[in-house]
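My request is simple: use the sequences and hints to build the entire structure.
For the protein sequence lines, the chains are A and B, in the order given. Quick note on numbering: the numbering used here labels position 53 of the first sequence as 53, and the sequence is numbered without any gaps. Offset between the second sequence (1-based) and the numbering used here: plus 1000.
These are calculated hints, taken from the structure and not from any lab test. Every residue gets a Cβ at the ideal spot worked out from N, C-alpha and C, and that includes glycine. Careful, some of the hints might be misleading.
Unchecked claim - Simulated crosslink set (PhoX-like; lysine-lysine; CA at most 25 Å straight-line):
| id | chain 1 | residue 1 | chain 2 | residue 2 |
| --- | --- | --- | --- | --- |
| 1 | A | Lys124 | A | Lys112 |
| 2 | A | Lys176 | B | Lys1256 |
| 3 | B | Lys1011 | B | Lys1256 |
| 4 | A | Lys176 | B | Lys1011 |
| 5 | A | Lys44 | A | Lys112 |
| 6 | B | Lys1102 | A | Lys182 |
| 7 | B | Lys1045 | A | Lys102 |
| 8 | B | Lys1124 | A | Lys182 |
| 9 | A | Lys256 | A | Lys11 |
| 10 | A | Lys256 | B | Lys1102 |
| 11 | A | Lys112 | B | Lys1045 |
| 12 | A | Lys45 | A | Lys11 |
| 13 | B | Lys1045 | A | Lys176 |
| 14 | A | Lys112 | A | Lys182 |
| 15 | B | Lys1112 | B | Lys1124 |
| 16 | B | Lys1186 | B | Lys1112 |
| 17 | A | Lys44 | A | Lys11 |
| 18 | B | Lys1112 | B | Lys1176 |
| 19 | A | Lys112 | A | Lys186 |
| 20 | A | Lys102 | A | Lys112 |
| 21 | A | Lys124 | A | Lys186 |
| 22 | B | Lys1045 | B | Lys1112 |
| 23 | B | Lys1176 | A | Lys176 |
| 24 | B | Lys1176 | B | Lys1186 |
| 25 | A | Lys124 | A | Lys45 |
| 26 | A | Lys176 | A | Lys186 |
| 27 | B | Lys1044 | B | Lys1011 |
| 28 | B | Lys1182 | A | Lys102 |
| 29 | B | Lys1112 | B | Lys1102 |
| 30 | B | Lys1044 | B | Lys1124 |
| 31 | B | Lys1176 | A | Lys102 |
| 32 | B | Lys1124 | B | Lys1045 |
What the hints assert, rightly or not - Ranges of calculated distance between the beta carbons of each label pair, as one might list FRET restraints:
| id | chain 1 | residue 1 | chain 2 | residue 2 | range |
| --- | --- | --- | --- | --- | --- |
| 33 | B | Ala1226 | A | Asp153 | 21 to 29 Å |
| 34 | A | Glu178 | B | Ala1117 | 22 to 30 Å |
| 35 | B | Glu1080 | A | Glu178 | 33 to 41 Å |
| 36 | A | Asn205 | B | Glu1240 | 15 to 23 Å |
What the hints assert, rightly or not - The following residues of chain B were derived to be distant from chain A, with all beta-carbon distances above 10 Å:
| id | residue |
| --- | --- |
| 37 | Glu1021 |
| 38 | Arg1025 |
| 39 | Asp1040 |
| 40 | Gly1054 |
Protein chains: 2
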Amino acid sequence: MELALNTATVKRQWNLAQAIEGCARHGIRGIDPWRDQVADLGLKKAVSLIRRHGLTVTGLCRGGFFTAPNWRDENLRAVEEAHELGAQCLVLVVGGLVPGSKDLFASRERVKEGIAAVLPEAIKAGVPLAIEPLHPMLAADRACINTLEQALDLCDLLGEGVGVAVDVYHVWWDPKLEQQIKRAGKRILAYHVCDWLVPTRDLLNDRGMMGDGVIDLPLIRSWVEAAGYAGFQEVEIFSELDWWRRDPDEVLRTCKERVSQI
Amino acid sequence: MELALNTATVKRQWNLAQAIEGCARHGIRGIDPWRDQVADLGLKKAVSLIRRHGLTVTGLCRGGFFTAPNWRDENLRAVEEAHELGAQCLVLVVGGLVPGSKDLFASRERVKEGIAAVLPEAIKAGVPLAIEPLHPMLAADRACINTLEQALDLCDLLGEGVGVAVDVYHVWWDPKLEQQIKRAGKRILAYHVCDWLVPTRDLLNDRGMMGDGVIDLPLIRSWVEAAGYAGFQEVEIFSELDWWRRDPDEVLRTCKERVSQI
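Here you go:
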């Protein structure tokens, strides 16, 4: 699998232009930018700079948050941007509980309806939607889709145009992971890697560099490949206390080194 | 459901004797002590003080950690203590990854074998073993059994003498929770309550008081009751930043008040 950089990995150090040039400099041929960074640079400039360097856009982060009031406009805009960028998918972080509610069922229904509402435009734009199940510790405030099984059940209901983003950080613990990756098959639209640190000091921003934690990355990678996924493996590390404080060129060098070992 | 106190809720403020007396003073008729506190007080004294106050011992915390070297002796001792205390179950926190390993499968096999090895003694002693699925964020270092479905699959394999402890904190997010509570039926040996705070500032010790978080406690309770559980609801709150800093009598009053509302 070729390496891609999710720009969140160096977001404290670099803006999008710097991240694109960093990828080019380090021979990293895939990139997954975040929408706020695209907006800061300007969509047209982002498209042109990414093309100039011949990078594959492995995804756009992110659509989703269907439990927020402005979900429809935001997601239609995200689809449009993903189309302009030629992104291989739009990653959906679906949103947690409806604010003020404790009703997980209602939130999950809202997510289903939200994706269904956006899907026709996504299909028209040629942008596959990648539902990313997030770790259960993020169920309340980030995403109420928390297992690959649940995400695939939703894909089954929604039909063509929808798949999953498998991020090892969110799913590594799941006793049904092998089974569900097999079930996912060609619906795996993106594969994200990092590592689970012990101890983990923060629920959001304490992810580890591949090899520094406890995730059996070669094993999960073998399942993903056996399922027929032939895309990039994309490094996405949120790390307030470590990698966001380092020289970003060192971060990219380390990503390349570590990925070559898994 | 009657209220029980898991003594971890006031462990910074009170030793076991104080917790027993606190329960009696507040009219709380169930208690689940931790083994280190029982050891500090002395097993015989603990038994006699609990009997004197007529408390039901809803469980003993905890056995498990089958991935640690001394698992057999520790668990046999725990069974013996649970028997002496007349505990309704021995709660098993099964242990995470085998130290130094990334092999979740091997760890889960070790857990299965460990429980199977201890089970005959537990049955002889009349002590049901309650497998507690722990939140996936604790998979690496505390328990590699992380969903109720997985715990029940294990119960199915192990047969008589084994059930589950359902703690809302660990399972509230699970899309299959209703289904699996129904499946569990009479195998629910303990029911623990607290709440999930948003934001959660620590993976271990930032649990909320019932009502302060996002868990739909009346809903989960209704499922547990429908499954045939007729035991106590036991409050277990680890709270470094809040409840462990408060007057323990205030903590117990608050537990009573809040439980009456869910």
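Hints and how they fare:
{"no.": "1", "hint": "A:Lys124 to A:Lys112", "result": "19 Å, holds"}
{"no.": "2", "hint": "A:Lys176 to B:Lys1256", "result": "39 Å, violated"}
{"no.": "3", "hint": "B:Lys1011 to B:Lys1256", "result": "18 Å, holds"}
{"no.": "4", "hint": "A:Lys176 to B:Lys1011", "result": "36 Å, violated"}
{"no.": "5", "hint": "A:Lys44 to A:Lys112", "result": "32 Å, violated"}
{"no.": "6", "hint": "B:Lys1102 to A:Lys182", "result": "21 Å, holds"}
{"no.": "7", "hint": "B:Lys1045 to A:Lys102", "result": "43 Å, violated"}
{"no.": "8", "hint": "B:Lys1124 to A:Lys182", "result": "43 Å, violated"}
{"no.": "9", "hint": "A:Lys256 to A:Lys11", "result": "18 Å, holds"}
{"no.": "10", "hint": "A:Lys256 to B:Lys1102", "result": "22 Å, holds"}
{"no.": "11", "hint": "A:Lys112 to B:Lys1045", "result": "57 Å, violated"}
{"no.": "12", "hint": "A:Lys45 to A:Lys11", "result": "18 Å, holds"}
{"no.": "13", "hint": "B:Lys1045 to A:Lys176", "result": "45 Å, violated"}
{"no.": "14", "hint": "A:Lys112 to A:Lys182", "result": "23 Å, holds"}
{"no.": "15", "hint": "B:Lys1112 to B:Lys1124", "result": "19 Å, holds"}
{"no.": "16", "hint": "B:Lys1186 to B:Lys1112", "result": "21 Å, holds"}
{"no.": "17", "hint": "A:Lys44 to A:Lys11", "result": "20 Å, holds"}
{"no.": "18", "hint": "B:Lys1112 to B:Lys1176", "result": "22 Å, holds"}
{"no.": "19", "hint": "A:Lys112 to A:Lys186", "result": "21 Å, holds"}
{"no.": "20", "hint": "A:Lys102 to A:Lys112", "result": "17 Å, holds"}
{"no.": "21", "hint": "A:Lys124 to A:Lys186", "result": "20 Å, holds"}
{"no.": "22", "hint": "B:Lys1045 to B:Lys1112", "result": "34 Å, violated"}
{"no.": "23", "hint": "B:Lys1176 to A:Lys176", "result": "13 Å, holds"}
{"no.": "24", "hint": "B:Lys1176 to B:Lys1186", "result": "18 Å, holds"}
{"no.": "25", "hint": "A:Lys124 to A:Lys45", "result": "24 Å, holds"}
{"no.": "26", "hint": "A:Lys176 to A:Lys186", "result": "18 Å, holds"}
{"no.": "27", "hint": "B:Lys1044 to B:Lys1011", "result": "20 Å, holds"}
{"no.": "28", "hint": "B:Lys1182 to A:Lys102", "result": "21 Å, holds"}
{"no.": "29", "hint": "B:Lys1112 to B:Lys1102", "result": "17 Å, holds"}
{"no.": "30", "hint": "B:Lys1044 to B:Lys1124", "result": "21 Å, holds"}
{"no.": "31", "hint": "B:Lys1176 to A:Lys102", "result": "16 Å, holds"}
{"no.": "32", "hint": "B:Lys1124 to B:Lys1045", "result": "24 Å, holds"}
{"no.": "33", "hint": "B:Ala1226 to A:Asp153: 21 to 29 Å", "result": "23 Å, holds"}
{"no.": "34", "hint": "A:Glu178 to B:Ala1117: 22 to 30 Å", "result": "27 Å, holds"}
{"no.": "35", "hint": "B:Glu1080 to A:Glu178: 33 to 41 Å", "result": "39 Å, holds"}
{"no.": "36", "hint": "A:Asn205 to B:Glu1240: 15 to 23 Å", "result": "20 Å, holds"}
{"no.": "37", "hint": "Glu1021", "result": "35 Å, holds"}
{"no.": "38", "hint": "Arg1025", "result": "32 Å, holds"}
{"no.": "39", "hint": "Asp1040", "result": "26 Å, holds"}
{"no.": "40", "hint": "Gly1054", "result": "36 Å, holds"}
In the structure shown, a violation is registered for the earlier hints numbered 2, 4, 5, 7, 8, 11, 13, 22, in ascending order.
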